Structures are given as C-alpha cells and as structure tokens.
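S.K.: Here are the chains, one letter per residue:
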Amino acid sequence: MSCALLIDFGSTYTKLRAVDLAQACVLASGQGPSTVTSDVTVGLDAALADLERKLNGLPSFKYRLASSSAAGGLRMVTIGLVRELTTEAARQAALGAGAKVVGTFAYRLTPADDHRIAELAPDIILLAGGTDGGNSDVICHNAARIAASALACPIVVAGNRDVAQDLVTLLARTGKTAVLTENVMPSFGELNIDPAREAIRQVFIDRIVHAKGIDRAAARFDALLMPTPAAVMEGARLLADGPSGQSGLGDLLVIDIGGATTDVHSVSPGAPSREGVIQHGLPEPRVKRTVEGDLGMRHNAETIVDAIGLDAVRARSGLAAETVEAILRRIASDVEHLPQSAEEAALDEALAWAAVRLAVKRHAGTVKVVQTVQGPVLVQSGKDLTSVTNVIGTGGPLAHGMTPSTVLQAAVADGKDPSSLQPAAPKLFVDAGYLLYAAGLLAAIEPEPAFNLAMKSLLRVDNEESHGCRRQTA
Amino acid sequence: MTQPANPNEVQAVGSARNRMLVTGVIGSDTHIVGNRILSLALEKAGFRVVSLGALTPASDFIKAAVETAADAILVSSLYGQGELDCRGFRDMCIEAGLDDLLLYVGGNLVVGKRSWEETEKTYLNMGFDRAFAPGTRTPDVIRLLNEDFAARAQGQPIARVKA
Chain P
3 MSCALLIDFG STYTKLRAVD LAQACVLASG QGPSTVTSDV TVGLDAALAD
53 LERKLNGLPS FKYRLASSSA AGGLRMVTIG LVRELTTEAA RQAALGAGAK
103 VVGTFAYRLT PADDHRIAEL APDIILLAGG TDGGNSDVIC HNAARIAASA
153 LACPIVVAGN RDVAQDLVTL LARTGKTAVL TENVMPSFGE LNIDPAREAI
203 RQVFIDRIVH AKGIDRAAAR FDALLMPTPA AVMEGARLLA DGPSGQSGLG
253 DLLVIDIGGA TTDVHSVSPG APSREGVIQH GLPEPRVKRT VEGDLGMRHN
303 AETIVDAIGL DAVRARSGLA AETVEAILRR IASDVEHLPQ SAEEAALDEA
353 LAWAAVRLAV KRHAGTVKVV QTVQGPVLVQ SGKDLTSVTN VIGTGGPLAH
403 GMTPSTVLQA AVADGKDPSS LQPAAPKLFV DAGYLLYAAG LLAAIEPEPA
453 FNLAMKSLLR VDNEESHGCR RQTA
Chain E
7 MTQPANPNEV QAVGSARNRM LVTGVIGSDT HIVGNRILSL ALEKAGFRVV
57 SLGALTPASD FIKAAVETAA DAILVSSLYG QGELDCRGFR DMCIEAGLDD
107 LLLYVGGNLV VGKRSWEETE KTYLNMGFDR AFAPGTRTPD VIRLLNEDFA
157 ARAQGQPIAR VKA
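For the protein sequence lines, the chains are P and E, in the order given.
Heads up: the first sequence is residues 3 to 476, going by my numbering.
Heads up: the second sequence is residues 7 to 169, going by my numbering.
These are calculated hints, taken from the structure and not from any lab test.
Subject to a maximum C-alpha distance of 20 angstroms in a straight line, what follows is the list of computed SDA-like cross-link-like pairs (lysine to any residue):
#  : chain 1 : residue 1 : chain 2 : residue 2
1  : E       : Lys50     : E       : Ala18
2  : E       : Lys69     : P       : Gly283
3  : E       : Lys69     : P       : Thr106
4  : E       : Lys69     : E       : Ile100
5  : E       : Lys69     : P       : Arg110
6  : E       : Lys69     : P       : Glu192
7  : E       : Lys119    : E       : Gly141
8  : P       : Lys370    : E       : Pro63
9  : P       : Lys370    : E       : Asp66
10 : E       : Lys69     : P       : Arg85
11 : E       : Lys50     : P       : Ser189
12 : P       : Lys64     : P       : Phe223
13 : E       : Lys69     : P       : Gly135
14 : P       : Lys418    : P       : Arg318
15 : E       : Lys69     : P       : Gln281
16 : E       : Lys69     : P       : Asp134
17 : E       : Lys69     : P       : Ser383
18 : E       : Lys127    : E       : Gly86
Being a predicted model, the structure only gives us computed values, none of them experimental.
Could you put together the complete structure from these sequences and hints?
M.R.: Structure, rendered in structure tokens:
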C-alpha cells in the first residue's frame, strides 16, 4: 500500500490526512492543537498520536507533505508603481502565492511608509514597478529605501528588468536577502504573475519555514510546500483542469469560509460571455484568489453584520436584534467559541451566508452601461463568472452542522443586481472531507490520485440529483 | 535590386526611434478604427506603442504613461466631445510627474462649425503640443514626431503657441 500523509499547520488546529494513493481514499484523519507559536512538534505529535490510534499504528508514508497557515500565515507587503497597474499585479501575485497581503504601497515610498512597513513586519516583500523598459526611477527609489531600512525579511524583485538585477545586487550588498524574478507586468496590460508566485513559494520553503520555527518538526515530514491557501488553490486548479489525459470539472469557484477571512478562488478565464461587451482594466488571471479580511466567522463576525446589515442577519437567522448582539459579544470575547445552542447555530449560518454573499460579489466582476453617441455600450470590469458551472464550499464552518446548500446558494446571482457577474446556475458542492488542500499538496507529484481524492470529497448539495461524487467520511 | 522608397512610408529617425507612445480614444467614444490604424503605423515606423483602445478615461492615459515611462501620448477623439474630455489633460500629466511629455490630439475635435485654426488654438491652449485636423495621414504624424523629438533632444520646448 502506497500512502501519503498530508499535514495542515492551521492557526487553531494541526490537521492530518492519511491517504491511500492507489485507492485514492482517506485512511484516517488526525487532529491536534496548533502549537506553531510555541513548539510546533507538540501539536503535530498529538495529531500523529490521534492518527495512530485510529489506524492501529502508522503505515510507512511514501510522501509526508505539509502546508501552513499558522503564525499569521505568509504575511506579505507588496509595492508597485501605479495602483491599478504594477501595484495590482504584484498584489495578485502575492495572493496567488497564498499570502496574506498585509500592506500594499504604490508610487514612491515615504519615510512614513518605511515606518508602516516595519510595523507590519512582513515575512516577504514583493517589489515591483515599471514595465520592462518603462519607468525605473520609482522602483530604484523604493529599493534604496528598503536597502537603507532595518528590515530583515527577504525581498522578491519583480519589476522593470532594466534595473531589477542591479536592485537585487544593491539589496544584497546591504545584507538583505533579495531574489530576482520576472516582471509582474513586462509590457503594459500584460499580467505575468506566475514567475513571481513561484519565487515567493521558493522563498517560503527556503526561509519562512525556518523563520516560523516549523522546521523544528522537520524530521516528521519531508517538505512544507506552500501556504495552505496556495494548496487550496492548487486543489481547485486540479479539480477544474483534471490530471493530464483526464478532463476535470471545468470552470469553478471555491469558497473557503474561515475564522479570520473568507477566500474565494476562481478557475475560469472570466472573459465576457455576452457579445459586444468591452473589457476594461487589467487582464484577469485565470486562477484568481481574493481574500476578504473583514469576513471571518470568528475574528470579525461583527464586521460581517455591519457589511450585510443587521436586518438581513435577523431575517436569515430569525433572531431578535438583542440576541444577535449578545451572541456577537460572546464570539468576540472567545474567538474559538463554537455554536452550542440552536440560536448560535442559526446566527452562524446567517454569518456564513453573508460572508459568501459578500465575498463572491466582490470577487466577481461587474458590468455597467456607458452611454455613447452610438448608443449604450456594456463595459465589464473584473471576471465574468456567470457561466461558471461549479461552486465548491470548503472550510470548517461548512463542515460543522450548517445547511451547506443554503449557505452556498448565496454565491449564485440573485437577479436583483444585474451589474454583478456571479455564477448564474452552478452546481453546488461541499468539500465534505476537507481534502482540497491535501489534493493541492499532492497535485504536482501524484496528480491522478490527488484528483480522484478531491472528487470523492465533493458532496453535491443543491439537490438530490445523483452524481459521481459521494460522501467521504473523514 | 533596390525598391524605390515608398513616399508613404516614413520611419522614426534619430532620437525618435524606440520612443514609447501611448495611444487611445478618449471618453465615451467607441470609434476605434482610426486609432488602430495610427497605432499600427507608429509601431511599423519603429516606435514602441501602448494602445489603450476605445472608451479610455483621461486618467488611464496618464497611468499607462507613468508605468511605461512614455515619451508621448497621442489622444484620439472622434465624437465631438473631445474638448470636454481633454480639459485639464496637461495639468493631470504635470500632477502625475510627467513634466515634459509630448501631447498630441487628433480626430473630429469639435462639433458644429468652427474654423480649424480656432479649434487648433483651443487644444494648444489646453497644453497639447499639436492638434491634428480630420484627414491627417499617418506619415505626417510620424514626420512631426521625428521633428519634435529631435527638437526636444536639443532642449527646445515643443509647445508652439500659448496665446
């Protein structure tokens, strides 16, 4: 039997999946506390002990791979020139690498910006600016400011190639770790974020794992490959495209509802689906991730209510305003609090619904009518996801007790807002076994079992229609 | 056997070669064909061209010029509203730190009956270095770009009239 161990160092739990590669099935799951901030080995050993108990001994694993979102995740600051151009491209690259973008800076860094960046204490800085052959003054200015600062984090340089190599040399001379990669926008309007994503991932493997103390448990696994959001993204990509020689699910949306953020990944070109619509703005990455830092089920439950409105939450949960407020206070005072009563469960479901509603609306593009002399013209910004056929929910809250179909229905266009380009009539699934991250970790080395594993984890929830995917008890 | 030089083909020469130009149709204007022909001709002549296409807000020209360190912006306007769309264009450039950018504008720049002299003056007063009347051929634009970049290389300002 050929087995793999997939580890997720989360911010609350250390989660394990032991997988049989030949059968593409989960043998058992183990869980321990997250102890990355103290000693990572404690939580991992607890989780391994849990797994061992369930399996009556651990099999020998062919692969032991890990992802991590613990210790604040991969905190990144991105810097570019024009906010809507190289600055946005750099931000997309960082998000695509699974980072938590804690700060975004455009144009010339000021002394106040230097101070702010130091406060943000990023794990990695991504420095962009200028198309190849374009503006080089600003990225040179910004690199010089970083070089003169006390910042110790690695810097990935992904800007104007005229000067990029020199800037790496300059930064290295001042004792910084600097990595050269391709420009995130080599020519105007051309998005080239994959090389920067790869460079960030390599820095993560080489340096961040050690900086976060995760390498203390290095003997217990082979490699910590990527931040967990990047693993989920790889899982999403594999599900959509399928392993080579096999077709996947096609265009899809993955919504990861978490305690601190709600992430949305779309795998879809997102080009206008209607004829005559003009696309505006930067080209969109086919695999795109957005992170809503104000839509976390636990760390910012209150801001979800603020964003969607108390009335909407009351209507969905059937709770009185005072009850909603009382439960919100309880959650705020203890972010690890799980729903105990029917009322708390009802509020949780309403919060999850609202988080999905807002996160997908922000992720999806919009279309607006521009009046011209020749009549009205439709102009699209962002991705057109109306024809996306699959919506997949993942993450803790969906797996625990709530009605996933109700929550995921929030991702579907409701017709009230014709400007929003959300999926019109998708199939709804939950990642019942929480296996997307595991499939993402395995995607590069064992694509076929990884794909089958992810497919088996999908549970269709929009109706009773039979489907090839079946429930996988984890 | 050498082919006789085509009088319609003018190349970028001297300091004009490889200059970065930003083109586009400004405002709520969808007339893209002329702008596309111009962009292709400029590219063929040896310029580097970023074409923003139709329906381009003034601010997008500036953003593209900043990022690409453009040497000139060529604005097209065909639907008669150019005067409104182009108002403050030079100021926006200065605001964005693009101090000595060459600014051209061309197309059907006004509606109604106004002499070309009057129209040209309007746009030059707005800070454009040159305004082009309907029916201008691309080689003429390239010739003037050559002249203006050469003048600039010698430290001469290009804006001609400030009435």
